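Colleague: Chains S and C supply the protein sequences, listed in that same order. Heads up, the first sequence is in the working numbering, so the first residue is 1 and it goes up one at a time. Heads up, the second sequence is in the working numbering, so the first residue is 1001 and it goes up one at a time.
There may be inaccurate statements among the hints.
[Said to hold, decoys possible] DSS-like, lysine-lysine: derived pairs with alpha carbons at most 27 Å apart:
hint: 1; chain 1: C; residue 1: Lys1149; chain 2: C; residue 2: Lys1036
hint: 2; chain 1: C; residue 1: Lys1149; chain 2: S; residue 2: Lys32
hint: 3; chain 1: S; residue 1: Lys251; chain 2: C; residue 2: Lys1321
Treat the hints as calculated values from the structure; they're not laboratory data. Remember, it's a predicted structure, so these values are computed and weren't measured experimentally.
Chain by chain, the residues:
2 protein chains.
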Amino acid sequence: MRPKLTDVAEKAGCSPTTVSRVINNHGYISQKTKDKVFAAMRELNYQPNTLARSLQGKQTKMIGMIVPNITNPFFAELVAGVEQTLADDGYRLLLCDADRDSDKEHRYLQMLEANQVDGIITGSHNLGLEEYQRVGLPIVSFDRDLSDKVPIVTSDNYHGGCLATQALIDAGCQDIYFVGNPSKTGNPTTKRFLGYMDTMASAGLPSHTARSAFYESPLAKSMAMRELLQSDRKLDGVFCSDDLTAILLLKQAQRLGIRVPEDLKVIGFDGTKLVQTYLPELATIVQPIGDLAALLVKLLYERIADPDKHLDKNSYVMPVKLLRNQTI
Amino acid sequence: MRPKLTDVAEKAGCSPTTVSRVINNHGYISQKTKDKVFAAMRELNYQPNTLARSLQGKQTKMIGMIVPNITNPFFAELVAGVEQTLADDGYRLLLCDADRDSDKEHRYLQMLEANQVDGIITGSHNLGLEEYQRVGLPIVSFDRDLSDKVPIVTSDNYHGGCLATQALIDAGCQDIYFVGNPSKTGNPTTKRFLGYMDTMASAGLPSHTARSAFYESPLAKSMAMRELLQSDRKLDGVFCSDDLTAILLLKQAQRLGIRVPEDLKVIGFDGTKLVQTYLPELATIVQPIGDLAALLVKLLYERIADPDKHLDKNSYVMPVKLLRNQTI
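Please model the complete structure; the sequences and the hints are all you need to start from.
Modeller: If you want it as structure tokens, here you go:
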């Protein structure tokens, strides 16, 4: 049986009125009381009935969006796409730049539980999956498996990894490195890595990896790139799992007098408008950022209309394309 | 005498209850009715009493921020700074990417009038100043003079223009061009241009301008840069009024075989972390983006606490610094 508001009140040790005020964010409630109420809601898996609320005209017309870092051009362009789509429909975007801050991400989920936003789009990488396991909240995920109740939208990272690797092979490379973080579970980079591995194996070529995590500083990444280029390992091609790392690699190659593409061929991943415009020589795999944004919003509207609806399909994979350029 | 809610109702031809519902965004009201009520509020210069509201605990704890383009790294970093400062204080950021859309900007001002946000930070370039002339709304402006009731935060654009020009002169340049849009009133670029003009005049050098507007496409800008470099005008130094335009200029110089800095010296303006990290050779004038963000938020809090308070000081100018690099 579905838990009731009175069950939450009993568990939290407060009145039903207080629970209602927390849920509807009405009047002053101490953070301590809020925490107790949210804990009880979570423990009982209590869900305010969103559909009923929306029929009562209590939609907030606000959507929360959680991104790991708005200053990364990929996320800036994704946010711009989502914001434009929402604005066309009269929705507003609450932006949460969660930069490794799981508390911040957590507070956004609380806002959703408290009916302060109608839904959430999350592209974050912080919280444990269990936080997202609760049923029936209107959440859509970008690029990360959260739970079988949360639709995930992603680019075709595996195919992108294949395309990038094949482009380097076609250009004559034999000793091709993958630069990225292949190990993290639920991370889209993993599929780019798998595409690389399978394509190398099909071509009968040995695979090589240089680890570079998303959250490492650009300086640390630059040093790792320099070390890779200065080592006596054979190396004539590099597939970087993101464009920004590819730019750092190109800088280091330039400083060491390694000619691109003659001595070294480089391809990135992401293909933001910014990088395509200001570094037009970089070969890359282009993610369809505008289409990703539009699909995230469309799926979220469906979850808002009926958060408990069974998902026929959990995962939506959008096509990518190869952009051939001077670096290969 | 200050207009009352009943005056607004009479002017709008509806009941006081309807006006109250519009102001408090409660229940369903048609857009037509909303427009009539807002028009009446504007005509009568009616202000809901924000101070009284905040004492009643009706703060929304949400701040609207209007930027011309979140995909421009400067604004992405400014938004990130504002969002982090607000989050530390329990505020949330509603992001409006107004990209030449004055309707969108207008709707945000309506949200402020309707108590749906506590205040607005605007860095936009669309609306006519008269929209911002109304008294007592908690608004803070970035880089644009809106009205003597709205505090403006800006970098020291004039001094930045002087520093950039003097750096080119010190590096031996004689024929220095300013690339930017010097003519638009209220635009920060104008002061960068004045700094350029005064510094050239002090050095007894002739001034030259190549017009490039903020909103032109990168392709149009690239073509203009190419034309400038290919003309038979004497030219050994360029001060670009923003870093992204400087990058386009460097690309065109590279394609034309013009050596930087030997044949041409280039300096930009903005100094985002992104450009400093991924194009570390570019000389530029660095705006203190984190400090600008913190000051915008601090001044907005003061306006929220008392929107009618007399401003001792309307304009806040933050220092910039010269970053010498390989392009000069």
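Colleague: Does each hint fit the structure? Answer for all of them.
Modeller: Results of checking the hints against the structure:
{"no.": "1", "hint": "C:Lys1149 x C:Lys1036", "verdict": "25 Å, holds"}
{"no.": "2", "hint": "C:Lys1149 x S:Lys32", "verdict": "39 Å, violated"}
{"no.": "3", "hint": "S:Lys251 x C:Lys1321", "verdict": "25 Å, holds"}
Violated hint: 2 only; the structure is consistent with all others.
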